[in-house]
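Q: Below, each chain spelled out in residue letters.
Protein chains: 2
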Amino acid sequence: NGVDKGVDFANYFCTYAYLYHQKEMLCDRVRMDAYYNAVFKNKEHFFGKNSFFSLYCAVVCDLSIFYWSWVGLDFSKLAKKTVLDVGTGSGILAIWSAQAGARKVYAVEATKMSDHARELVKANNLEDVVEVIEGTVEDIDLPEKGKYPSHARMWVAPIRSGLGDQKTSDFESSMDDWYRFVDETKTDYGVDMGVLTKPFSEEQRKYYLQTSMWNNLHPNQVIGVPAIIKEIDCLTATVNEVLNVRASFSSSITLDDTRFCGFGGWFDVHFRGSKESPARHEIELTTAPSLDNGTHWGQQVFLVHPPLRVQDSDELVVSFTMTRSKENHRLMEVEFNCDMRSSSGKQIRPFAKKFFIE
Amino acid sequence: NGVDKGVDFANYFCTYAYLYHQKEMLCDRVRMDAYYNAVFKNKEHFFGKNSFFSLYCAVVCDLSIFYWSWVGLDFSKLAKKTVLDVGTGSGILAIWSAQAGARKVYAVEATKMSDHARELVKANNLEDVVEVIEGTVEDIDLPEKGKYPSHARMWVAPIRSGLGDQKTSDFESSMDDWYRFVDETKTDYGVDMGVLTKPFSEEQRKYYLQTSMWNNLHPNQVIGVPAIIKEIDCLTATVNEVLNVRASFSSSITLDDTRFCGFGGWFDVHFRGSKESPARHEIELTTAPSLDNGTHWGQQVFLVHPPLRVQDSDELVVSFTMTRSKENHRLMEVEFNCDMRSSSGKQIRPFAKKFFIE
Ligand SMILES: Nc1ncnc2c1ncn2[C@@H]1O[C@H](CSCC[C@H](N)C(=O)O)[C@@H](O)[C@H]1O
Ligand SMILES: Nc1ncnc2c1ncn2[C@@H]1O[C@H](CSCC[C@H](N)C(=O)O)[C@@H](O)[C@H]1O
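Heads up: the sequence lines are chains A and B, in that order.
Read in my numbering, the first sequence has 203 at position 194, and its numbers run on one by one without any break.
Read in my numbering, the second sequence has 74 at position 65, and its numbers run on one by one without any break.
Bound-form chain A, shown alone (with noise of 0.2 Å):
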């Protein structure tokens, strides 16, 4: 890919290797009932020689718009009647995998997290099933192939925040706070930096207000209709196709006199098998905003400033655009060109704003 293995592992694979943060994910309630009636509520697909059923839940998630894996995944190596589970992490789904019933299940995890899995497994005895493989995905080469039996969508909806309040006055102090420091530096160093005000301004401008925000959205601050921008079916997705996202779509506002302050974005998944086996009970994962069945994957919301008065029944229509930067594949670039179709008739001027996700 042009990107080099350490500097993965640099930005994004090192946290994995903790068990503190495994515990986190595993602690997500909502998450883990999701995975384990995916496995449990479908025994039937871990039995008997035809069956199959590939755990690429965890995977699909972080493929998602807003918690995108970093791989290239090349989605021909997957496991047929046996379990694939790609990023196996402590091991969790592996287990539960074998546990149902699975002749096979090849874990395979990049980082050390390995090492625990492996114990896990053991402790747990089903070292007969699970065969920890300690890699990546791409590298690897598995003895067969299978396929992803699930899908996932990508959402957006465009939410009232005080956040954008809170980040602008944060970065105009920042300013003030420079302007004071090229004074000083000026008078007491003799070094103008007043040439520099502009990049900082540029620097500390996207730093506050171009960066998307991880965020539990209260379900009330949704003020419009949410809109899908992507739906992957992962038995047939390619690479290219989840690398770059474009959606054109409309949603109308459906609360009366609110501020419209940016967009909320978050994803669901279904397991639902495939065609020819699908699943008895079909489960969905949603990390929308919820009051009760919040996901620690939150939502990312993406500030327009100054918010904007929208009435009932105005029309957003947005053309969205999201792609992945060369240096650094964690960071996503979004794009929001955004046009307002009042219902009063009046005329708001077009939009685009550009986020980075981190």
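Some clues are possibly wrong.
Same chains, same label: a pair holds when it works inside one copy or across any pair of copies.
What the hints assert, rightly or not - Using 30 Å as the maximum straight-line C-alpha spacing, the simulated DSSO-like pairs for lysine-lysine come out as follows: (1) Lys50 - Lys195; (2) Lys239 - Lys362; (3) Lys363 - Lys215; (4) Lys207 - Lys121; (5) Lys335 - Lys121; (6) Lys121 - Lys363.
Note that these hints are calculated values from the structure, not bench results.
Take the given structure of chain A and dock chain B with the ligands to it, following the hints.
A: Only chain B with the ligands this time, still in chain A's reference frame:
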């Protein structure tokens, strides 16, 4: 060195590409005044045919035990009669050197901050004297050679601190939480995580209790005589000398009936020129605990827990080693082997403690 450039960028250099971070350093008054005086109180070093003065201070500070530059420095590549500013960052030291009368300044910077430095040089009308070069000092070829006329020392002293209690209790509640998690995962999800208790506790112990911490020590937290663990004469130092530090020292407790909670570490630098061309005004920059003259470097704290009750005149006999981690140049491993000679004749068991500095 075996470690990839991209990895070093991801681990270390990345932050320096932000003006925000450069500004933090530029706002450290104690640091700035020391560098400023090192240049402007020794202007004669910058004039005339045979003058030279190498502004190595920035990197010397980074080289110190507590802010170690990741680089394998080649101490032979330095400009005589001219100034070499290794790691020029915003360009401030290069600009001062030129303002003080240097014939030529080579300002080397590894990150894209070099573009800003070049702009700053131009805006201050010094582009005829200062040449900004993007690259690491190991990679570039300079037309002239030179020396580093400064001197650095690393210090360690016994301290008292409440941080040990705090970190110990953080560690303990993290473990309580883990046990709850193990129970629940067994009950609710049918997987026994008990086998990971030991590695989790080791990971957490390392995080909470074996990682040195940045801290601004109050001078009265120092409870014994500070000891020098390393002197670096930058005129003659070799790379290997700085990569492996070994020292034996003893320190007398200077407070009666207090708690020995670990060690504090800091460094100082003296800009004193060379023997043939000594600085007219030697300038000291110290990062020792101080009420009024603290720096952004603060001190590094190495906690020993539980604390030991000590008395005035007790003697701490320590053998100290510090080596650099092979995988991550910014990571260092430090070991303290301690013996206590009690003034009352009471015996205290020798102990050893290992730490990681990030
Ligand atoms: N290309 C790749 N090859 C192998 N492992 C990968 C990978 N990309 C990500 N991973 C691993 O995938 C894991 C994702 S976190 C999910 C862990 C586990 N499946 C669970 O659900 O709890 C991390 O441990 C990460 O190191
Ligand atoms: N081996 C190397 N080659 C070139 N630049 C280096 C380097 N190691 C560190 N640096 C750079 O050195 C700078 C140290 S910070 C000090 C900046 C400036 N001299 C000042 O005093 O304000 C950083 O900008 C870092 O990117």
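Q: Could you work out which earlier hints the structure fails to respect and list their numbers in ascending sequence?
A: none
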